[in-house]
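Participant: Given the sequences, and given the hints that come with them, work out the whole structure.
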Amino acid sequence: MTNKFFFSKAFWGFLLFLFFLLAYSLTLCPTVFWWDSGEFIANIAVLGIPHRPGFPIYILLGKFFSLPPFFNLALQINFLSALFSAFSLLVFYFAFFEILNLFFPRIAHKKTQATVSASAFLLVLGFTYSFWIQAVRAEVYSLSLLFFAVLLFSSLLYLKSCHLKYIYLFFFVLGLGLGNHHLSLLSTIPALFFLLLCSSPHNESVVRNSSFIINVRRLPLYLLFFLSGLSIYLYLPIRSISNPLLAWGDTQSLSGSASSVFALESLKNLNLNFLSNMGEKIFGTIYLFYDQLTLICFLISLLGMIFLAKHSKKFWIFLLLLIMGNCASVIFMTTEFISTNPDLHGYLLSSLFSLAFLYGLGVFFIMDGIKNHSSIIRHLSLVIFLLISFIPLSKHFTYANLSNNRIAHNYGYNTIHHLDSNSVLFVDNVNLSFILRELQYAEGTRRDVKIIERGLLSFNWYADQKRSEFGSTGKELKDLFSGIPDHLSGKALFYAILKKCLNQNTPTYMEFTEGDSDLVNYLIPSGYVFKLSEKRMDQIPEEILLSQKRWEKNGFFDLGDDKFQKDWDAKRVFALSFYRLGLFYEKRGMTSFALDKFEQVRKIDPHNKELLAKIKELRKDQRLSGMTNSDSSF
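With the numbering used here, letter number 406 in the sequence shown gets 1343, and the count goes up by one each step, no holes.
Hints are computed from structural coordinates only; laboratory data are not their basis.
Computed from a predicted model, the values in this text were never measured in an experiment.
All C-beta atoms in this analysis are idealised placements derived from N, C-alpha and C, irrespective of residue type, glycine included.
Don't take each hint at face value.
[What the hints assert, rightly or not] The calculated label-pair distances, taken between Cβ atoms and stated as ranges, are:
{"id": "1", "residue 1": "1175", "residue 2": "1215", "range": "24 to 32 Å"}
{"id": "2", "residue 1": "1324", "residue 2": "955", "range": "35 to 43 Å"}
{"id": "3", "residue 1": "1488", "residue 2": "1556", "range": "23 to 31 Å"}
{"id": "4", "residue 1": "946", "residue 2": "1490", "range": "25 to 33 Å"}
{"id": "5", "residue 1": "1270", "residue 2": "1439", "range": "25 to 33 Å"}
{"id": "6", "residue 1": "1425", "residue 2": "1529", "range": "37 to 45 Å"}
{"id": "7", "residue 1": "1398", "residue 2": "1265", "range": "45 to 53 Å"}
{"id": "8", "residue 1": "955", "residue 2": "1219", "range": "45 to 53 Å"}
{"id": "9", "residue 1": "1175", "residue 2": "1261", "range": "22 to 30 Å"}
Facilitator: Below is the structure:
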């Protein structure tokens, strides 16, 4: 390789790619993480169909990547997210230079400034928590951003050359990308189409005469390439024919597949509730952007926006449309704004791309403004800007570093490992359900335990799948649903299955919820779940309570652990689990036990008014009854 290559943008791009890939690899979650991560890993293991819209391209890529027998499946898929993220940054890096050439031709020749600015842009974007957390866990957002990056780059190449092959590539990648997370990608379409209709200063007449939208005769070709990419969704009905171990929804028919692809059930449930906290979402989103970039980077980004509006209104409008479309999808499609939810951050990645790009542009123009100063000042400014670009890394590292975080895995394992053989477990917590799927189908842990998700018993497709699954085991649970009327669903079906389990002497466990008051005297605490007793128990045996106390004391939720404190989802799951334990003891009249659990929750959520009122009421009841250190149930 020549010295020219070492100073080329290709070399620095490759170097940055390796740098980010190494950074993400060193901070990867070693096991399953919260929420959809467990579901995706489990479905990749069995080539299943996850929740709407099915994410076929993600499942197929994950399955292909997991074929080499290296490491555990969860780590492989987590590393795949790191690859997607690093490649996204690489594409953005080259896109930065193309944007300068197309929209700032008078200054694009300044290679050193451009390389430093592009590097600063990537450092700020790549080390925001929003971007970083998608690179270290099994999730679809890193792949979604890669599709956006390719769409952006193909648009720029078309503007540069006017070759229709880039338009065909654009529509094919658009269709393929919609086979991943379509909402986040669809939010970028208005901006991307505006960009395609733009013309750069040095080829304005050529682009105007070759606009992809003018020639109606080519529309069928555009549609053909788009549908070719979108055909990835045929995976859903084709795979459903084989009755995979995991399949969300009725996807065997085309209508069922369409319902899954377009999330029709979710659309039916849309209402105007999002209007009630519109202001909270808007200001929350603005603050999230500020928090991710940090103060000085955010200010430089605003400066870059001013420079951009002055020098290229077209690209300024493109970025504005990108931010507006992206934010609108979050504001209108989410019912609540939880700024610590990693999935919310995933939705806003294209907006953060825009702000980070503006930061890089701001750095470029500031450096251009001091070009006539001494060499020392120019080089010093270069170092200062690179150091500033590392500020997001120093701020977000402790929250995005999941290298030693096994909390989700341990939570699931500690829930299921001690259950009786061939037992049935009813779960109500989606987080727990997805983690248990990963444990069972990816790791092979406790496959004998049959898990039923109570929230899905209202759907006929889920009950039908469970009938088929139990019927194929050849064990004592194969006729669990036999004799239960098909028209039963929801809570009625839940109670019918409980009764059948008791009649068959099948060990049965369940999560306790707010609506289970009528079962409280038939439940025995067993870790995070409760074992169903055939006989009413007016008092819980003291040895069981002591065992439960020992379990809680030795549990893996360590409130003093730094990893726990930096894991917002772990704290939410802990709060939910212990709140429900407290409710159970409260329903049984065991006030001191209930207070102990609620006080644990208060450490996580000290400002919850409902919780504080409940604690106050229980303390009042405790004083009135004269109880201090024990309960009347002993």
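Participant: Each hint needs a verdict: does it hold in this structure or not?
Facilitator: Hint-by-hint comparison with the structure:
| no. | hint | in the structure |
| --- | --- | --- |
| 1 | 1175 with 1215: 24 to 32 Å | 42 Å, violated |
| 2 | 1324 with 955: 35 to 43 Å | 21 Å, violated |
| 3 | 1488 with 1556: 23 to 31 Å | 25 Å, holds |
| 4 | 946 with 1490: 25 to 33 Å | 58 Å, violated |
| 5 | 1270 with 1439: 25 to 33 Å | 42 Å, violated |
| 6 | 1425 with 1529: 37 to 45 Å | 39 Å, holds |
| 7 | 1398 with 1265: 45 to 53 Å | 32 Å, violated |
| 8 | 955 with 1219: 45 to 53 Å | 39 Å, violated |
| 9 | 1175 with 1261: 22 to 30 Å | 38 Å, violated |
Against the hints set out earlier in the document, violations occur for numbers 1, 2, 4, 5, 7, 8, 9.
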